[in-house]
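Enquirer: Listed here are the chains, written in short residue letters.
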Amino acid sequence: MNSQIFHPFVLPFVLGMAFVLTYCFVGLIRVISQLPKDDRKKLGRSLVTPKTAWANIRDLFGDCLFHVKIWKRNPVLGYMHTAIAFGWFMIIVIGHVMLFTLKPLQGVEVEGLQGMFTNFYYPIFFKYFAEETPVFAFLMDFFLLMIISGILIAVVKKIHSKIVGVKRVMHFGFADTLIRFALWTIFPFRLIAEKTNIMAFWWLYSIDLLIFMCMLPFTRYMHIPTEALFILLRHAGIKVTEPRKGYALAELYSCPSCGLCIDACPMSVNDKMSGNTSAYFMKKLRNNDTEESQRIAETCLMCGKCVKICPLSIESCDIKFSQRAAVPYNINSDHSYLNVISTEAEKSQTNNHKPHVLYFAGCMTQLTPKIMRAMKQIMDKAGEDYQIMDENGGICCGRPMLLSGKVAEAKAMIEKNTELIKKSGAKRLVLSCPICYKVFKDEYHLEGIEILHHTQYIEELIKCGKIYVDRGDTKYVYHDPCELGRAFEIYDEPRYVIHSLGQIVDAKSEKENSICCGGSLGSFNLTQQERDAITENSVNDLMFNNPDEIVTACPLCLKTFARKSPVKVKDIAEIVSEKL
Amino acid sequence: MKENILIIGGGAAGMEAATQLQKMGLTPIIIEKSEALGGHIAQWDRLFPAFHPAKDVVEKMLDQVKDVKTYLNTEVVDIQKDNDSFHAVLSNNEKIDAKAVVLATGFDIFKAERKQEYGYGIYNNVMTSVELEKFFRTGKDERINNPKKIGFVHCVGARDVKVCNTYCSKVCCTTALKQACEIKEVFPDAEVYTFYMDLRMFGPGYEDLYLKTQKDFDVKCVRGRVCEVSEDMDGKLVIKAEDTLFGKPLKMTLDVLVLMCAMEKNKSIDAIQQKLGVANNSDGFMQNSDMYLGMNNTAQDGVFVAGACTAPKSLPDTIGEARSVATQVYNYINR
Numbered sequence: 106m107n108s109q110i111f112h113p114f115v116l117p118f119v120l121g122m123a124f125v126l127t128y129c130f131v132g133l134i135r136v137i138s139q140l141p142k143d144d145r146k147k148l149g150r151s152l153v154t155p156k157t158a159w160a161n162i163r164d165l166f167g168d169c170l171f172h173v174k175i176w177k178r179n180p181v182l183g184y185m186h187t188a189i190a191f192g193w194f195m196i197i198v199i200g201h202v203m204l205f206t207l208k209p210l211q212g213v214e215v216e217g218l219q220g221m222f223t224n225f226y227y228p229i230f231f232k233y234f235a236e237e238t239p240v241f242a243f244l245m246d247f248f249l250l251m252i253i254s255g256i257l258i259a260v261v262k263k264i265h266s267k268i269v270g271v272k273r274v275m276h277f278g279f280a281d282t283l284i285r286f287a288l289w290t291i292f293p294f295r296l297i298a299e300k301t302n303i304m305a306f307w308w309l310y311s312i313d314l315l316i317f318m319c320m321l322p323f324t325r326y327m328h329i330p331t332e333a334l335f336i337l338l339r340h341a342g343i344k345v346t347e348p349r350k351g352y353a354l355a356e357l358y359s360c361p362s363c364g365l366c367i368d369a370c371p372m373s374v375n376d377k378m379s380g381n382t383s384a385y386f387m388k389k390l391r392n393n394d395t396e397e398s399q400r401i402a403e404t405c406l407m408c409g410k411c412v413k414i415c416p417l418s419i420e421s422c423d424i425k426f427s428q429r430a431a432v433p434y435n436i437n438s439d440h441s442y443l444n445v446i447s448t449e450a451e452k453s454q455t456n457n458h459k460p461h462v463l464y465f466a467g468c469m470t471q472l473t474p475k476i477m478r479a480m481k482q483i484m485d486k487a488g489e490d491y492q493i494m495d496e497n498g499g500i501c502c503g504r505p506m507l508l509s510g511k512v513a514e515a516k517a518m519i520e521k522n523t524e525l526i527k528k529s530g531a532k533r534l535v536l537s538c539p540i541c542y543k544v545f546k547d548e549y550h551l552e553g554i555e556i557l558h559h560t561q562y563i564e565e566l567i568k569c570g571k572i573y574v575d576r577g578d579t580k581y582v583y584h585d586p587c588e589l590g591r592a593f594e595i596y597d598e599p600r601y602v603i604h605s606l607g608q609i610v611d612a613k614s615e616k617e618n619s620i621c622c623g624g625s626l627g628s629f630n631l632t633q634q635e636r637d638a639i640t641e642n643s644v645n646d647l648m649f650n651n652p653d654e655i656v657t658a659c660p661l662c663l664k665t666f667a668r669k670s671p672v673k674v675k676d677i678a679e680i681v682s683e684k685l
Numbered sequence: 124m125k126e127n128i129l130i131i132g133g134g135a136a137g138m139e140a141a142t143q144l145q146k147m148g149l150t151p152i153i154i155e156k157s158e159a160l161g162g163h164i165a166q167w168d169r170l171f172p173a174f175h176p177a178k179d180v181v182e183k184m185l186d187q188v189k190d191v192k193t194y195l196n197t198e199v200v201d202i203q204k205d206n207d208s209f210h211a212v213l214s215n216n217e218k219i220d221a222k223a224v225v226l227a228t229g230f231d232i233f234k235a236e237r238k239q240e241y242g243y244g245i246y247n248n249v250m251t252s253v254e255l256e257k258f259f260r261t262g263k264d265e266r267i268n269n270p271k272k273i274g275f276v277h278c279v280g281a282r283d284v285k286v287c288n289t290y291c292s293k294v295c296c297t298t299a300l301k302q303a304c305e306i307k308e309v310f311p312d313a314e315v316y317t318f319y320m321d322l323r324m325f326g327p328g329y330e331d332l333y334l335k336t337q338k339d340f341d342v343k344c345v346r347g348r349v350c351e352v353s354e355d356m357d358g359k360l361v362i363k364a365e366d367t368l369f370g371k372p373l374k375m376t377l378d379v380l381v382l383m384c385a386m387e388k389n390k391s392i393d394a395i396q397q398k399l400g401v402a403n404n405s406d407g408f409m410q411n412s413d414m415y416l417g418m419n420n421t422a423q424d425g426v427f428v429a430g431a432c433t434a435p436k437s438l439p440d441t442i443g444e445a446r447s448v449a450t451q452v453y454n455y456i457n458r
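Just so you know, the sequences run in chain order A and B.
Numbers 106 to 685, taken from my numbering, label the letters of the first sequence in order.
Numbers 124 to 458, taken from my numbering, label the letters of the second sequence in order.
What the hints contain is simulated information worked out from the structure, not anything from laboratory work.
Being a predicted model, the structure only gives us computed values, none of them experimental.
By construction, the Cβ of each residue, glycine as well, lies at the ideal position given by its N, Cα and C atoms.
Treat the hints with care, since some could be wrong.
[What the hints assert, rightly or not] Pairs of lysine-lysine, PhoX-like flavour, derived with a Cα cap of 25 Å:
#	chain 1	residue 1	chain 2	residue 2
1	A	K475	B	K374
2	A	K475	A	K673
3	B	K371	A	K521
4	A	K481	B	K374
[Stated by the list, open to error] Selected chain B positions facing chain A (Cβ under 10 Å, derived; list incomplete):
#	residue
5	E240
6	V286
7	C350
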């Protein structure tokens with residue numbers, strides 16, 4: 106045992122730790138001060154509200170230490186992350202527990218500042234300065250080996266990612282490569298130092314820590330401290346307002362660049378397009394590469410799959426929206442036509458009859474008249490008291506404008522539509538287009554009016570016996586449209602409807618893993634060839650079990666698939682009307 | 124020097140090639156999958172730009188091939204090349220040996236249902252240019268009931284990346300104007316509109332037809348595409364379009380809408396084409412070996428192409444190619 110309480114090799118660690126703590130503290134103040142005032146209040150309240158406080162504790166452990174979401178997706182990667190994060194956490198905790206239970210400093214004259222200083226590095230280099238009891242020694246070795254086992258998986262993943270089930274990984278620059286090497290070697294050095302007590306390894310261990318801490322703020326490993334703050338902000342219900350400020354900044358630094366979203370992204374059908382994935386967007390924006398991050402923000406299809414599968418649930422799409430909104434387009438929008446169209450539309454609201462159901466087809470359904478005709482047949486058959494809101498022309502729901510970040514322009518349309526809907530006196534609003542559905546659900550204030558997508562509406566009509574359908578033996582496969590599935594988790598209603606019409610087979614990727622059709626309004630600058638590649642991949646995925654027909658519930662998906670599908674593509678309303 | 128030449132397709136290209144090859148002393152054999160020779164042109168009433176009856180041309184061509192050995196209602200089901208001769212098996216189980224093969228398989232009409240926004244197959248009064256031509260020929264179509272307002276949509280299924288056809292179908296512009304004049308002849312009081320992107324009046328007399336359409340027939344040509352079609356309570360068609368010369372959207376109620384459907388590659392020949400080793404070009408038509416000097420040749424020796432199987436073509440283009448393919452085949456046999 107070394108009876109001394111200080112050795113110069115602790116200095117690199119102390120320096121690094123002091124630096125990283127200062128940096129994080131300043132960063133914390135920065136993020137909090139950039140939050141709008143209301144959001145700060147929300148944060149304060151959420152910390153003392155038992156429900157959110159419990160959610161905070163649950164996710165701080167579940168996400169930061171145990172990486173539950175990664176376990177669910179890929180157990181090998183789950184173990185890798187848990188081994189490193191939880192193992193490291195435990196050796197720090199045990200180090201401190203030893204310091205306070207074994208009291209190795211008792212009787213040594215360390216007081217005041219010097220005492221604090223000693224307590225700072227002591228647990229990190231405990232074995233050099235003091236003796237462990239066998240139980241503690243076992244625990245320390247156990248967690249150290251656990252970390253090293255995690256690192257071994259990381260090395261394998263780096264050399265050949267397919268072994269651990271990852272197709273595409275991020276490509277990193279020099280800084281990230283260097284810090285990764287530091288991280289990989291910290292624990293083996295510590296193990297060797299502890300077992301052999303060779304001075305050089307204690308130095309290497311400490312210097313590795315210095316490199317790691319000093320580079321941490323400038324690399325992806327910044328997610329380790331930021332994640333905790335991000336979880337608190339998320340549970341407080343705070344939303345993104347600006348692309349590089351406040352909550353968005355916390356999200357940017359919380360992204361660990363794990364690259365899970367690369368394989369998930371529909372654009373990853375080829376190498377060139379996989380550079381458009383969220384992991385790269387976050388990295389570019391974090392590095393203040395405005396040009397590239399703007400380009401990726403405008404290329405994204407906004408299908409929301411990366412958000413859904415993100416282990417941290419980082420709302421990268423929201424950041425992209427705010428990035429889009431940040432650019433002035435300098436287009437003067439003239440909304441005088443809104444009044445003309447709405448007067449036209451009002452004509453169809455004849456003689457004060459207040460219908461029970463108001464049907465809004467939307468622009469895309471106007472371009473797929475088969476869906477509209479099928480809906481009319483279904484509603485007639487069910488004897489519903491309905492009116493079509495946009496038969497003689499209608500106003501766009503506003504989503505395309507919102508997708509391009511033009512909030513004020515969208516609001517003008519939303520207001521006019523709200524007025525028309527309220528005037529109709531209807532109790533329910535039925536929509537055929539998930540693009541409309543999303544904006545009606547999220548942005549419209551239609552108190553007292555139930556908003557339904559036609560999949561939900563048709564399911565209800567079948568369930569309560571208002572329409573009867575014949576079951577045939579056609580083999581259908583259902584494509585979950587992004588804005589219906591991932592956005593609102595409407596997975597079961599369409600499947601119930603299809604099941605009552607015929608056989609339903611699975612696609613290779615379903616529900617939240619469903620692949621965007623490639624036609625999304627979300628992207629501004631994908632070329633037709635790039636979109637085609639996405640569509641072909643999505644069609645192949647749907648054709649996995651050789652269905653007779655592809656069924657979807659979105660007019661845009663329908664039109665997109667129809668170009669490339671080897672079998673007929675139909676809307677769910679169409680197949681129902683065929684079997685009435 | 125009697126050598127068999129297998130001609131697949133009995134339309135304008137196949138018939139004309141057979142005529143020329145026979146005159147050169149070779150033995151053409153025509154395989155036609157339908158019940159009569161003549162192809163698409165036999166379904167046509169009059170031809171642009173001079174309103175010449177199609178029947179005249181078709182009858183002359185039929186007369187020229189009356190001595191040519193012809194199989195109707197027959198398809199080639201298998202074909203193999205062995206040294207320099209081809210062994211074909213027909214759908215009637217007959218076997219034919221030939222020294223060369225001419226693919227004169229022509230085109231298919233774009234299925235208008237694929238542009239759902241135009242409502243073909245959904246709204247009663249939307250019809251295709253082929254159906255209108257049939258009306259001119261027979262005088263019968265229940266959709267045409269003394270219409271007051273008629274619209275023509277150009278480029279349906281052509282120059283449209285959304286249906287994966289980026290090429291120009293070449294003949295539809297002139298056909299639309301011809302049909303617009305003809306419908307005015309039948310219904311002089313009707314208003315006729317055509318919605319075009321460009322009017323490609325590329326041949327002799329075509330531009331004159333365009334002027335005549337406007338001056339003598341008062342057809343209104345609107346530069347802009349129709350974006351959507353719906354049906355009102357009375358079954359009339361409500362179309363939305365854009366007049367790009369005025370920069371204004373427009374909405375109009377029509378009695379009949381005619382879709383100028385593009386030419387697409389005739390896919391029924393795909394299996395045989397593959398066996399012969401002839402690839403497709405980026406438009407999905409057959410790939411010839413050279414755009415200028417090898418337009419009738421393919422990557423495969425002894426396999427020749429003529430007519431609209433390589434790209435959309437007008438009747439004069441097709442006849443020209445049929446005559447040139449005969450020369451190519453003749454030179455190949457006597458090489």
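Enquirer: Indicate, hint by hint, whether the structure satisfies it.
Expert: Going through the hints against the structure:
no.	hint	verdict
1	K475/A / K374/B	21 Å, holds
2	K475/A / K673/A	14 Å, holds
3	K371/B / K521/A	22 Å, holds
4	K481/A / K374/B	23 Å, holds
5	E240	4 Å, holds
6	V286	6 Å, holds
7	C350	8 Å, holds
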